[in-house]
Amino acid sequence: MKKDLLGIDDLSADEIYRVLETARAMREIGERPIKKVPTLRGKTVVNLFYEPSTRTRTSFEIAEKRLSADTLNIAVAASSVLKGETLADTAMNIEAMSPDMIVVRHASSGACHLLSRICRSRIINAGDGLHEHPTQALLDAFTIQQHKPDLAGLKVAIVGDLLHSRVLRSNVLLLTKLGARVFVSGPPTLVPRGIEQLGVTVSARIEEAVQDADVVMMLRIQQERMQGGFFPSLREYFTLFGLTEARIRLAKPDVIVMHPGPMNRGVEIASEVADGPYSVILEQVANGVAVRMAVLYLLAGGVEHETAA
Amino acid sequence: MPVVLDAGRIGRTLTRIAHEIVERSRGIDEIAFVGIQRRGVPLARRLATLVREITGTQVPVGALDITLYRDDLMRHSIGAQPVVGQTNITFSIDDKRILLVDDVLYTGRTIRAALDALLEFGRPKSIQLVVLVDRGHRELPIKADYVGKNLPTSLSQSVQVHLVEVDGEDEVEIQE
Amino acid sequence: MKRLLKGARVVDPANGRDGLYDILIDGDRIAQVGANLQAGEGTEVVSIPSNLVITPGLIDMHVHLREPGQEHKETVATGTLSAVVGGFTAVACMPNTSPVNDNAGVTQYILKKAAEAKLARVYPIGAVSIGQKGEQMAELGELKDAGCVAVTDDGHPIRTALLARRALEYTKLFDMPVIEHCEDPSLKGDGVAHEGLVASKLGLRGIPGEAESIMAQRDIALAELTGGRVHIAHMSARQTLDAVRVGKARGANVTCEVAPHHFILTDEMLAAPVPYDTNTKMNPPLRETADRDAMLQGIVDGSVDVIATDHAPHHYDEKHVEFDRAPFGITGLETCVSLCFDRLVHPGLITFSRLIELLSVNPARILRVPGGSITEGAPADLTILAPDLLVKVDAKAMKSRSKNTPFDGWELRGGVAATIVGGRTVYSNPVVGLSI
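Residue numbers (my numbering), protein chains in the order written: chain G, 1 to 309; chain D, 1 to 176; chain A, 1 to 436.
Isolated chain G (complex conformation) (with noise of 0.2 Å):
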């Protein structure tokens, strides 16, 4: 592993799969009566969010806590970020206080790659701006796993808000590493420019994702994006993009649905799916907390020189 996990773009599919399998190693401990190991004893991680977010916040926290981390989490509200000091300050004054790892949400795209040049402390990145949410990725190729061993070759469908969506980029960029065919689908207007040269096919119309489809990864819509014109109501939305149980049945028969959370029921999913019996969305945040254990775990070795690969 490098020094810092910035995002899927930087690991490789040997790397991937180690977390991978770290976390199930993780996951027993998550079944345990005490379920605390010491491995991280005296290592400090800092917890340092600044948009609010309770499910990666808590999920990092969980995992911290088990391996035997001491957590400090910051939360930065937004409106002191405008009249306050910069990202680099705050890094830095947290920095002086010598923690081991800092685990960072932001709404910039790049704040991770800043704080990794500022700091000697190893970052995680738990989401910036548009860009990846890495930990978010390896806790869903975790889950599918656990369904479909064999990520290769599996046709993945990702459905949503692909523009906004930095679920979507640590996903493509893992599912396209281990080899899974990987379709997604959104209105026009919310799909990036240039996302097929990442390897993955466009399709229109969500039922051409969605057909035969062994994994269905639904992204959130948010409110927001009606009123940046993107598309003219949720209504309409969830006419021409939403899962519906009509839908899911063009997928497999053992089609798994996945949604990072939080959910819109009624937007970009129907509540009989979200609650139906291919729905692993509960799953995914059960294994959050393995594999974020996997990454702190593999983060607080020493790091391998480039060179010593």
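So the derived label-pair ranges between C-beta atoms look like this:
hint: 1; chain 1: G; residue 1: Lys2; chain 2: A; residue 2: Gly251; range: 54 to 64 Å
hint: 2; chain 1: G; residue 1: Lys35; chain 2: D; residue 2: Thr107; range: 27 to 37 Å
hint: 3; chain 1: A; residue 1: Glu135; chain 2: G; residue 2: Lys2; range: 44 to 54 Å
hint: 4; chain 1: A; residue 1: Val274; chain 2: G; residue 2: Pro149; range: 33 to 43 Å
hint: 5; chain 1: G; residue 1: Ala75; chain 2: A; residue 2: Lys172; range: 53 to 63 Å
hint: 6; chain 1: G; residue 1: Pro33; chain 2: D; residue 2: Val22; range: 22 to 32 Å
hint: 7; chain 1: G; residue 1: Glu208; chain 2: A; residue 2: Asp317; range: 43 to 53 Å
hint: 8; chain 1: A; residue 1: Lys118; chain 2: G; residue 2: Arg193; range: 48 to 58 Å
hint: 9; chain 1: D; residue 1: Asp71; chain 2: G; residue 2: Glu208; range: 54 to 64 Å
hint: 10; chain 1: G; residue 1: Pro33; chain 2: A; residue 2: Val274; range: 45 to 55 Å
hint: 11; chain 1: A; residue 1: Asp317; chain 2: G; residue 2: Pro33; range: 50 to 60 Å
Since the hints were made in silico from the structure, they are not lab data. Nothing here was measured: the structure is a model prediction, and the numbers come from that model. Just so it is clear, CB atoms sit at the ideal spot from N, CA and C, and this is done for glycine as well.
Following the hints, put chains D and A in place on chain G, whose structure we already have.
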């Protein structure tokens, strides 16, 4: 590279240990084997099989990975983290007499870690230690209850245990 | 006091010169140009080594000197020092200062500062509209009288087509060009990078090339309608170049400029070597290879009139932030000449003469300012270039108050030996060591 135990010797040694375990354990239904990853695990399975052949009773076998409990884990500044193996103990260890199994007993630090790990699964009645080879040089006050072979070594030597399940052959050798 | 520069290669395309000439300077004027001039009584003779070349003073028609109001980024003094180190004898400075250069008072203030600095000549560019707000036209006649050579709302396009039309019509009174920062605000949105694969991968909001070309098409059409002169600033998109070519072919009064970063760099620079380097963030953004290549082609085939740097200094603190929060812009005065030699002249894309047209002749012609040639009686504004000088760009050593350049550490062939403004040597490169 002198071979100190060949496949035959390993088999006979394990059989002897199994007999000793049966002799010394009052109620065989109270005991359970826990092998330390990696080579302690196949050794534990073999011992359980031998015990069944002697007594007709199948005793439970678990696998324990101690990587996350190692005391040297975060000390080296270079190099990747060791691979974490699977821990798999599907039975309750409460009030069991646990036989902890490993291939080589050396500094004792692995056993220390294993004890810490194991005690988080419950409160066994007792824990005893079974090793195929004891090569000496203890750094902690730890002693094996069942030893296949005491092997005096120097610090510069290393003891390699090969088992069919992991390495394709049974053999113990000393390397300089 | 007379000085005779002897034995140099002189490249002076406006006078059809490219050869060995002597130049006699009398005070602040060019007295005589010719082969084997004899030094008269009391004339200082300076022999120019054969590896140096004398050209008319270079003119950068698009710089931001930041004064008044943003002196932490740059001042007229530091900006003009940066200019002469970069070989420029004159710069035209943009009006987006604080306050905006929309009245004679600000123009005079800038000129006063320039006179105090005694380095490069400064030609202020006035605002088209009061406060650059795109509503009411500024007093362009008064700006002209105060010393402005052009008008622009740079930083933004002229807000409405109607105001752009009026400005193009009204400036005909003064024969001033309207310089347009072409960008459709709605298409640009909150974009920070060229809309394409790189921005998609980095999760940066995109600005399509069409945001530029659509506005350029508007302004070229209005130039045709009005007969006014429009100059398209810092062109970056291939579609814009096409629009300019079409406009020129139809006889519109349109000229255009390209900045070195747009004919050298691409948006790949945002991803590597330093991901999200804010010194790769400028507006218009670095575009994709096809655009970069189109800019080069435009320079080669003559469609591009001017190379201008869009020198946009920003303080380190302002750039040392998240990519989307950093201001747009990079410095350019001190890297331009080296980049042009290394990327245009040495690879054989253009001749030395063509380079001087782009950096001197055409800016002088478009702005209707003196210079652009070495002519007897004209002000002695000369640049002495060292085409084969090996230069390693060192941001820390730059004279500009700001160091925001993406070219730091680049090794380039071609540089500046000395800069002479009004007969006075305002810069002599210590590495070359020409005593002049």
